[in-house]
Amino acid sequence: MSAETLYGLCAAALVGLGLFGSIVDPQPLRKILAFNLLGGGVFLLFGVIARRGAAAGMAADPVPQAMVITGIVVAFSATALAVTLLLRLFETTGQATLRTGAPARPDPDSDRAGS
Amino acid sequence: MSTGFALDAGLVLDAGLAALVLAVAVGAIVAGTAFAAVVGFVTYGLLLALVWVRLAAVDVALTEAAIGSGVTGAVLIAAAARLRPAEARSAAERPGVPLRLAAAVLSALVAAGLAMLVLLPSAPAPSLGPAAAVHLPELAIGNPVTAVLLAYRAIDTLLEKIVLLLALLGVWSLAPDRFWGGAPGQPHAAQQDGALALLARLLPPVGIVVGVYILWVGAVAPGGAFQGGAILAAMWILVMIAGLRDAPATGGRRVRLLLVVGPAVFLAVGLAGFVVADGFLAYPASYAKPLIIAIEVVLTLSIAVILGLLASGPPGRERQR
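Protein chains in written order, with our numbering: chain A, 1 to 115; chain B, 1 to 321.
Bear in mind the hints are in silico, worked out from the structure with no lab data behind them. A few of these clues could be false.
Said to hold, decoys possible - Here are some chain B residues the structure puts well away from chain A; computed CB gaps all over 10 Å:
1) Val217
2) Ile241
3) Val255
4) Val260
5) Leu267
Said to hold, decoys possible - Pairs of lysine to any residue residues, derived as SDA-like cross-links and limited to a Cα-Cα distance of at most 25 Å, are as follows:
6) A:Lys31 / B:Val105
7) A:Lys31 / B:Ala102
8) A:Lys31 / B:Arg100
9) A:Lys31 / B:Val30
10) A:Lys31 / B:Ala31
11) B:Lys289 / B:Val58
12) A:Lys31 / B:Thr43
13) A:Lys31 / B:Val163
14) A:Lys31 / B:Gly27
15) A:Lys31 / A:Arg88
16) B:Lys289 / B:Leu301
17) A:Lys31 / B:Val110
18) A:Lys31 / B:Ala115
19) A:Lys31 / B:Leu166
20) A:Lys31 / B:Arg84
21) A:Lys31 / B:Glu93
22) A:Lys31 / B:Ala91
23) A:Lys31 / A:Gly71
24) B:Lys289 / B:Arg153
25) A:Lys31 / B:Arg94
26) A:Lys31 / B:Val26
In this text, a Cβ means the ideal position worked out from N, Cα and C, and glycines have one as well.
Construct the complete structure from the given sequences, taking the supplied hints into account.
Structure follows, in structure tokens:
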């Protein structure tokens, strides 16, 4: 078995693992984390495809590599936004849950509460 | 004989690394506390960076280590610490066995499908390598990944900078109105001694040199604006966490200027392409390299400031006037 195949199988397992974690774990932060883990697996699949596409004296196809670099940066922006939303939810309700109908407590920070 | 042995040793290393990545990933998913999970995730990111080196993608390895593991890890660790009071209650909402089982079957199916794709590759393997190599001499850029990012697919890179700015606007918008334009969060207590303070004093001079080097060398070797910018941002975040310097007010004119200068110069060069070259984001042949380097320098500045502010969170203090 070649190294690319090995890492390809590893990437497939990572995607499955991340998907499982993001569905099953009830904590939103752990869901975000699992989703990033899933993303790492998808990026790794790109890496395997890039390595297999080695040509023209390059060790790997540069196009999938560039897409992954862009992907990592976009994934970070989305993660930072999601985490901030979650922290705001926690500040507002005192809880970090995605359960619908969770009781909210009045928000001392919000401008609406003051008026 | 010796070559065969070296090949085998490489494959053993790859197998060990893949097993380690999987083990750490399982650990991050099943960890008892969110904090342990985040520590697992950061380790996972660093191991993935090693895998990228093994796949001959050093540019991606640098980005994964700096952004995917480093800055993302900093954001997640801070959030795990803040959310600790809510953790026990939220963890108790674990779904029942049938749903967990269904999720496990679904995930296994997706993983098996992807594994099939890996095991049954198309031959010959598709590659845009030859197409990317054709214009490299004209661009005078030795690193094909940099050429893809800033020449062939420059529009992706430009749009990604806009995504970064939009994400930062989104984060800022989550602050109450009265804090708009203020500094992010609460100031970190200044650490006078201890490992963090020592690190925050010793590391930045070295880190800044490394960051600038990575930016500069990106034209001919692995490196570039993202990787350099992420390292500069990491140094800045370290100084802020140690409380040596406070985060700047998000409404400050200098901060706002640094945020937009990279994308703005990129866009201006892109528009100039209509007049002096073949169209949007096309470079005139003889000026391609200096233009790309100029764009990368300002992009690095903007990326460093954007990443640092994204990691600092929404404004949490009223603006001092």
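Mind checking the alpha carbons of lysine 31 (chain A) and leucine 166 (chain B) for me, to see if they're no more than 25 Å apart? The hint holds at about 23 Å.
Hinted pair lysine 289 (chain B) and valine 58 (chain B), Cα distance within 25 Å: holds (22 Å)
Holds or violated: lysine 31 (chain A) and arginine 84 (chain B), Cα atoms, limit 25 Å. holds (15 Å)
Is leucine 267 (chain B) truly not at the interface, in the sense that its beta carbon sits beyond 10 Å from all beta carbons of chain A? holds (17 Å)
Lysine 31 (chain A) and valine 105 (chain B) were given as a pair; does the straight-line alpha-carbon distance stay at or below 25 Å? holds (18 Å)
Confirm or reject: valine 217 (chain B) is not an interface residue toward chain A, with every Cβ-Cβ distance exceeding 10 Å. holds (16 Å)
Take the C-alpha atoms of lysine 31 (chain A) and valine 30 (chain B), compute the straight-line distance between them, and say whether it is at most 25 Å. The given pair, whose Cα atoms are some 12 Å apart, holds under the 25 Å limit.
For lysine 31 (chain A) and alanine 102 (chain B), compute the direct alpha-carbon distance and say whether it is at most 25 Å. holds (17 Å)
Lysine 31 (chain A) and glutamate 93 (chain B): Cα distance at most 25 Å? OK: lysine 31 (chain A) and glutamate 93 (chain B) at ~13 Å, within 25 Å.
Grab the minimum beta-carbon distance between valine 255 (chain B) and chain A and tell me whether it stays above 10 Å. Since the minimum Cβ distance to chain A is about 17 Å, valine 255 (chain B) lies beyond 10 Å and the statement holds.
Are lysine 289 (chain B) and leucine 301 (chain B) close enough, with their CA atoms no more than 25 Å apart? holds (19 Å)
Are the Cα atoms of lysine 31 (chain A) and arginine 88 (chain A) separated by 25 Å or less? Satisfied, since the Cα-Cα distance of roughly 17 Å is no more than 25 Å.
Violated hints are absent here; each numbered hint is respected by the structure.
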